[in-house]
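Number of protein chains: 2
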Amino acid sequence: MTATAVVPAADPAGARAQYRAGLVVPSSGWAPGFTQANLVVLPRDWAWDMLLFGQRNPQPVPLLDVTDVGSTRTVLAPDADLRTDLPRYRVWRDGELSDEPTDVSDLWTDDLVAFLIGCSFSFETALLDAGVPVRNIEQVRNVSMYRTNRQCRPAGRLSGPLVVSMRPVPGELVATAVQVTGRMPQVHGAPVHVGSPSALGIGDLSRPDFGDPVEFAEGDIPVFWACGVTPQAALMASRPPFAITHAPGHMFVTDVPDAVYRQP
Amino acid sequence: MTATAVVPAADPAGARAQYRAGLVVPSSGWAPGFTQANLVVLPRDWAWDMLLFGQRNPQPVPLLDVTDVGSTRTVLAPDADLRTDLPRYRVWRDGELSDEPTDVSDLWTDDLVAFLIGCSFSFETALLDAGVPVRNIEQVRNVSMYRTNRQCRPAGRLSGPLVVSMRPVPGELVATAVQVTGRMPQVHGAPVHVGSPSALGIGDLSRPDFGDPVEFAEGDIPVFWACGVTPQAALMASRPPFAITHAPGHMFVTDVPDAVYRQP
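Each protein sequence line maps, in turn, to chains L and C. Take the first sequence: its letter number 255 is residue 254 in numbering that gives the first Met the number 0, and every next letter is one higher. Take the second sequence: its letter number 50 is residue 49 in numbering that gives the first Met the number 0, and every next letter is one higher.
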């Protein structure tokens, strides 16, 4: 199936049902107002390392739920099946991408643990609600993401660089953007840096490591947030024998309203 | 040594040095303005369960740090030794209290993992700063704590009831107390309940399950917060073969200012 002429479902269960039936589209814009999550699935032997990596690096790896060993269910969407309900997955072997299937039922074993991780889609809605333009949405592009010169705090065998997403924000709205996202610590929280790409070791904003280049408007300042691609970068650096993740932009749509993760 | 005439150290390193030298006193009032933490130490085999229990129950079990397997060090106080620097410990065997030593150097093995958990001492300072009286401090008593009829979300072999602390708050200051503590999610956050002990299955406020009874002033309302004794109750219910915790009120004094855990 192609994405052309597909009308995004307004409700999470409807979105997941279409993905389960085989539709492959980025999940941005689907079930607006409901939280979408990054997925990382690892064998039990590596699960301690990932859980500790999340505890030690809560800005890039905000853990919204961690499943029981072998379970395919999450409290974030009790009726969902994690093996089938994402539009597209990635399969990693020894840290290398080996496949991008739309269903991982045949790969799921009783030995696996799934990690659901907060995603910046939630705070983009909050930014728009507060009158802060989101250039990647305006330009219908994936957000720009960069490896930085900052290392995450290692956990067991897992280590890797902090990955950030960057959004151009009008200078007079940077404070608003900080305040709005600072109230959402479970979806990456306040920016980790404002203004200077070189301070993070980023040489050229027009050449992101992940995602698309995004154009600046006059007066825009680059604002950097911790990014949920960080655990994928750690998997690539640390090379567990087997892992499953979502494919970029093809997230898990939960039943949890974004407002749950918005502090007063 | 006795506590009589001991002047509490103003700085965390000074407090820990006195405890390490053998002083046994409750740590309340020591190194004011610095975060104190609950301690739970478990064999590696049980560490996954406790880490997941914390992830799933962040209000009663806010994990401030989790050590590498076998390490006696924490990022919360890099010069401290977790085996000696608390004023008193508790040793648990098969869920039963077996000893209350002041040093656990002879019990610490390469197989242990330590969990440092946020403590309501941090938010009591914030309440006082905001003009909310803290009756247990006024009355020089330990706070009242109760087992509730709410179960924590289980994690592996660990399960148990939510334990709450209760503070009487003047009705006109309940909103302030909610707002002040709501900005400190890593030290238990906003109250879990206001006003009705019976809704939590608490029959008689004057008979707490842990700590001391605290007197109400005219117009005070009972306010209940998730409590760091919750993991100890889970250990008692779930009976791991071996565990070390702090003794009640004899906390680990960290180098981290309380303000770090206070959100704007």
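Honestly, the hints are just simulated from the structure, not real lab data. C-beta: ideal position from N, C-alpha, C; glycine also. Honestly, I wouldn't trust all of these hints.
[Claimed, not checked] To give an idea of the interface, some chain L residues facing chain C are shown, with a C-beta separation under 10 angstroms as derived from the structure:
1. L50
2. Q54
3. D67
4. V179
5. R182
6. V259
7. R261
8. Q262
[Claimed, not checked] Each pair of labels, with its calculated beta carbon distance range:
9. P77(L) - S197(C): 26 to 34 angstroms
10. D10(L) - P31(C): 27 to 35 angstroms
11. D93(L) - A236(C): 38 to 46 angstroms
Results for each hint:
1. L50: At 5 angstroms from the nearest chain C Cβ, L50(L) passes the 10 angstroms test, so the hint holds.
2. Q54: Holds, because the Cβ-Cβ distance from Q54(L) to chain C comes to roughly 5 angstroms (cut-off 10 angstroms).
3. D67: holds, 8 angstroms
4. V179: Result: violated, 12 angstroms to nearest chain C Cβ.
5. R182: holds, 8 angstroms
6. V259: violated, 13 angstroms
7. R261: violated, 13 angstroms
8. Q262: holds, 7 angstroms
9. P77(L) - S197(C): 26 to 34 angstroms: Holds - the Cβ-Cβ distance for P77(L) and S197(C), about 30 angstroms, lies within 26 to 34 angstroms.
10. D10(L) - P31(C): 27 to 35 angstroms: Violated, since D10(L) and P31(C) (Cβ atoms, about 51 angstroms apart) do not stay within the stated range.
11. D93(L) - A236(C): 38 to 46 angstroms: Check passed, 41 angstroms falls within 38 to 46 angstroms.
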